[in-house]
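Undergrad: First to last, the protein sequences are chains F and H. Residue 182 in the numbering used here sits at position 182 of the first sequence; the count goes up by one each step and never skips. Residue 109 in the numbering used here sits at position 109 of the second sequence; the count goes up by one each step and never skips.
Just so you know, the hints here were simulated from the structure itself, not pulled from any lab data. Hints should not be assumed to be uniformly reliable.
The list cannot tell twin chains apart, which means a pair is met if one copy fits it or any two copies do.
The calculated EDC-like cross-link candidates involving lysine to aspartate or glutamate, where the alpha carbons are at most 20 angstroms apart (straight line), are [said to hold, decoys possible]:
no., residue 1, residue 2
1, K49, D78
2, K49, E167
3, K23, E86
4, K35, D90
5, K49, D70
2 protein chains.
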Amino acid sequence: MDSRPLLQQLVSALQCLPSVGRKSAQRMAYYLLEKNRQGGMSMSAVIDKAMREIKNCERCRNYTELPLCDICSNVKRDDTMVCVVESPADAAAIEATASFSGKYFILMGSLSPLDGIGPEEIGLDKLQLIIEEEACQEIIIATSATVEGEATAHFIASMVSHIENKEIRTSRLAQGVPVGGELEYLDQSTLALSLANRQNL
Amino acid sequence: MDSRPLLQQLVSALQCLPSVGRKSAQRMAYYLLEKNRQGGMSMSAVIDKAMREIKNCERCRNYTELPLCDICSNVKRDDTMVCVVESPADAAAIEATASFSGKYFILMGSLSPLDGIGPEEIGLDKLQLIIEEEACQEIIIATSATVEGEATAHFIASMVSHIENKEIRTSRLAQGVPVGGELEYLDQSTLALSLANRQNL
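Produce the complete structure using the sequences and hints provided.
TA: Written as structure tokens, this is what we have:
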């Protein structure tokens, strides 16, 4: 049992949140104690429940408290397209655009052999099963445009091309000038890429 | 019972923390789920315990889970000096300087008649009892240098001056150029004040 005063324990505990240091934790502690004890108590209950009950969806590995997540169990979603992303936050970002009606597969990371993260750790065996056994016709690889993300994308593309008895289209998110971006301030690589990948009007 | 997915509930719940919006709450939720479930669970337990058990110290009104806070129950602290501050955070800031060995009295706010906060709401009746019945010889008024803080300071000073049968010294935190401050960038009022209150070398 921690022997420090409870207020000190509260301040330390809040520091387990990302980018919350001692000063912010102190401010949060005083705020909760002074203005929102009820909110603090219900937040505590929800955090505890979430930490215990949220698991990974059995199909797409996204976070959910049910065996299958909302999207995987939704019969209105298009079974023929699977969007592969690195994290649940990436899937949420794509969902927020409301321009994708297929299903997802969450890698929960990206290939990083040096850190011991191989194809199995990011669930590629499961992805292969989904491609082989479900109605999937297109894999949209939406990993980040980082070195690890690109490597992972290439690995998945090669895996998909080796699947027999099925014609699967593999695509990658378009790269280029972001909407509202000014050419003057764009980095050289992106600009070169958007020139090479220019599209007919 | 909230019918939204537990992850959404978690994100909403975390937004009850000060200056945490939807985006930060989402980042916190993913971080806890992915990297620190154990930390999340123990944080939840500490928050719940703190919200239920932290009360105000019977003497100084600071936060504590005991009847008397650490400082009020510490016999080594100087009983003859009482430092009056607006909030527990202010008391913590003074404690951090390690240059005050007396006791505190926390107003938990400042006088604000328009908001219905009068002398009783900030516990001045309790402060008067402390001054009259304890060994108190000096009151250091360390309220903020804001309009409300100054008004509160004047009110307390006048209250103390009306206490009979006891000679109480009343003081206020010094105002002037902050350590490391450059005169060029100091506001006019502070500079004028520091000139008027100049000290002999």
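Undergrad: Look at each hint and say if it fits the structure.
TA: Going through the hints against the structure:
When the C-alpha separation of K49 and D78 is checked against a cutoff of 20 angstroms, the pair qualifies neither within a copy, at 31 angstroms, nor between copies, at 46 angstroms. In this homomeric assembly, K49 and E167 never come within 20 angstroms of each other (Cα to Cα): the closest approach is 43 angstroms inside a single copy and 58 angstroms across copies. With identical chains, the CA atoms of K23 and E86 are at most 20 angstroms apart between copies only, with a shortest distance of 18 angstroms across copies and 32 angstroms within one. For a Cα distance limit of 20 angstroms, the shortest separation of K35 from D90 across copies, 17 angstroms, qualifies, whereas the shortest one inside one copy, 34 angstroms, does not.
In the homo-oligomer, the alpha carbons of K49 and D70 lie at most 20 angstroms apart inside one protomer (18 angstroms), although the nearest pairing across protomers, at 34 angstroms, exceeds that limit.
Consistency with the previously given hints fails for numbers 1, 2, ordered from lowest to highest.
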